[in-house]
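Protein chains: 2
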Amino acid sequence: MSILIQGVQHNDLTTDVFINGNVIETIGDCKEKSAETVIDGSNKAVLPTFHNAHHHAAMAYMRSYADDLELFEWLNEHIWPLEAGITEDDVYHGARLACLEMIKSGTTFFNDMYWHFHGTARAVEEMGMRAALGAVFIDMNNADRRDANIEQAKQLLNESKRYSDRIQFQLGPHALYTVSKEALIWCSEFASEHGLMIHTHLSETEKEVEDCLKLYGIRPPEYLDRLGLLGPNLTAAHCVWLNQSEMELLAERGVKALHCPTSNMKLCSGKFRFTEAQAAGIQIAIGTDGAASNNNLCMIEEIKIAALLEKHFTGDPTALPATVAWHSGTRAAAEMFGLNSGIIQEGALADLMLVNLDNERLVPGHQLIADMVYSADSCCVNTVICDGKILMQNHHVPGEEEIIAKGREFREKFRR
Amino acid sequence: MSILIQGVQHNDLTTDVFINGNVIETIGDCKEKSAETVIDGSNKAVLPTFHNAHHHAAMAYMRSYADDLELFEWLNEHIWPLEAGITEDDVYHGARLACLEMIKSGTTFFNDMYWHFHGTARAVEEMGMRAALGAVFIDMNNADRRDANIEQAKQLLNESKRYSDRIQFQLGPHALYTVSKEALIWCSEFASEHGLMIHTHLSETEKEVEDCLKLYGIRPPEYLDRLGLLGPNLTAAHCVWLNQSEMELLAERGVKALHCPTSNMKLCSGKFRFTEAQAAGIQIAIGTDGAASNNNLCMIEEIKIAALLEKHFTGDPTALPATVAWHSGTRAAAEMFGLNSGIIQEGALADLMLVNLDNERLVPGHQLIADMVYSADSCCVNTVICDGKILMQNHHVPGEEEIIAKGREFREKFRR
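These protein sequence lines map, in sequence, to chains A and B.
Per UniProt numbering, residue 1 is the first one in the first sequence, and the count goes up by one each step.
Per UniProt numbering, residue 1 is the first one in the second sequence, and the count goes up by one each step.
Hints were generated in silico from the structure; no laboratory data involved.
Bear in mind that the values here come from a model prediction, so they are computed numbers and not experimental data.
Just to be clear, a hint being listed does not mean it is correct.
[Claimed, not checked] Cβ-to-Cβ under 7 Å is the rule here; a few derived chain A residues that face chain B:
hint, residue
1, D12
2, L13
3, D67
4, M265
5, L267
6, A370
7, G388
8, R411
[Said to hold, decoys possible] A few chain B residues facing chain A, derived, Cβ under 8 Å:
hint, residue
9, L196
10, E210
11, L213
12, P321
13, Y374
14, I404
In this text, a Cβ means the ideal position worked out from N, Cα and C, and glycines have one as well.
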């Protein structure tokens, strides 16, 4: 399988891009090359795709089901009761809807945490994206539930081998307040043994910090550190309530921070201190969180909101400039997961998008990256390629009509 | 001219909408009616269009020209030098690009302030939108410039009569720090005499407040009040640095506040206190500001950012809920300008949009208004009608290719 993109803008120059298998083989004059598929790149620019660093894809089924509520009313009276009745098939259809939305806005990878691993895995496999998908742990300090979580994780590790290498299996202990100490330690050891990443929520709310202090006399990062969780294989979502020494600890351990500005603003969780965390040496990537708390999965919007919030919060208009926001939404999560994607260069994975330079939001076109961060929306994304396969052309994903029809059934199923 | 929209969603029911001339004549069964144009409303919902409350349309030509800079470096070294060479023709082409972008994202009215009135007026007239366009005042306390501003305003008032009633002529004294006391007083009197609205910037930055205190010993609202500016015909952009008594003063005088959250965040101007201003009784509408400080003109994005920022700032997730954000982006500015638009009801102006319920961002569709505020982007907007005329169908505006081609010329003209 080979794809030749002819006459496309790359770093302000017009060039060709030749994809061989799942790799970008050549960036430059490809007049001599022939390919199975040829794409006309005129009035388009080639860019890396977005990598959504923290997500609960299947939750697309509850988009706009409950908004503008206090956090615990939202969780206890709306989100959790709805989730209680969810089947693997629901997760599959919710995750397909999420994948569709992500592809349409230029995202090809997401770091996920949700129940019914196979539901999401089947969706990702079919839709042609990449994802890090996990075995979720929530045992609420119950030994039976802990054992069941552990058994399931072992089983899923084996079962995950049936999928392509676009799916990376990981462990997903939800948070230190929902997962027992024993299960957290088990996750740390099992992940080391099998070379797995671990995905958790960390210091998301002030209450989490206060409760941790009450229960254990220490704050969340130190608690996880004592259990052996803090390491280069840990991706920690939110990290809103870190103090300076905790930032230094996370940086020292190589923990990755996943910043979700929209979700944090909408649920009033607080503010992740991007500039300080970056200065402390923490690797940071940006994610949308799930549709229940955003309510879209659009990384174009997310990196803009991250940049705006950081400027507003610090009072410094030079904070989190467009180039940093762009990196945090594209390459950053790829590096965390050992993927040679999120970048357009020879030898990199052929995960890329073509944006339409004729879209009004990219005109006049003084600075493409600033336009992508501050002006673009999903209408600008014309073509998406992942792993050398075309997932979308002319802003249409094959089969999208059926995914929409199935997605709409959730409205009746969970009628308010 | 009549338009019949058949079988469209309105308030969760399927109905027909009949437009006669520039008015919504009937909402209900229209089987018996015939119309010159029939639109199939299936899988679409009819909604009011957005009304962009504060804007500098022509500045679309400098989108992403200079970002991530300190305010005064941004103005002095980038924006103002660029603006110094602008012609009426540049303004016309910049404003057409802005109008195109606004139509594509569902906006049909904007409240503007920019040089070369006729450039913007021609663009609005041709594009079929509505706008409040003004004679700008910036005299920097120079008597000759003041007299020239005044002469121009008188002349433009006469010349503005050549345009349709979609264009509302107003006065645009830029701000109290760029316009002399004499010119401000003249604006107040001339506006009273001719029944004009006045559009200004008020309490946008802390420096403006400090400088006003130093020069006049009073804060900006009191200063304008002494000059007779504070009245129901004043729309005041930003209003970031109002204290409680100033909010009460503005409410008492009937002054309208124009909230621009993205611009305020991007330039670190501070935070408009929406909840407090609303409680004080101020009418509030939301605007995008110009493309130089946003960098798009998308009201869908703007009302989401307004809602997120208010929740984050107050720490209250119930603050500025979706319904209020929606009203502030649609009906609010219409009411300020005496337009019976921004609402779908019989007798209202036929300014409306059809959104595509098959767009992935509006699925499953639990709550349409929450979906529009928190999830949608411009891709959801299928059809836009203003003043009973179709401006866009199937997300295509007739002539858009030529507008884009002209817009792109600015890249060469103002090459960095």
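Taking the hints in turn, this is what the structure says about them:
no.	hint	result
1	D12	violated (11 Å)
2	L13	violated (15 Å)
3	D67	holds (5 Å)
4	M265	holds (4 Å)
5	L267	holds (6 Å)
6	A370	holds (4 Å)
7	G388	violated (24 Å)
8	R411	holds (4 Å)
9	L196	violated (31 Å)
10	E210	violated (15 Å)
11	L213	violated (20 Å)
12	P321	holds (4 Å)
13	Y374	holds (4 Å)
14	I404	holds (5 Å)
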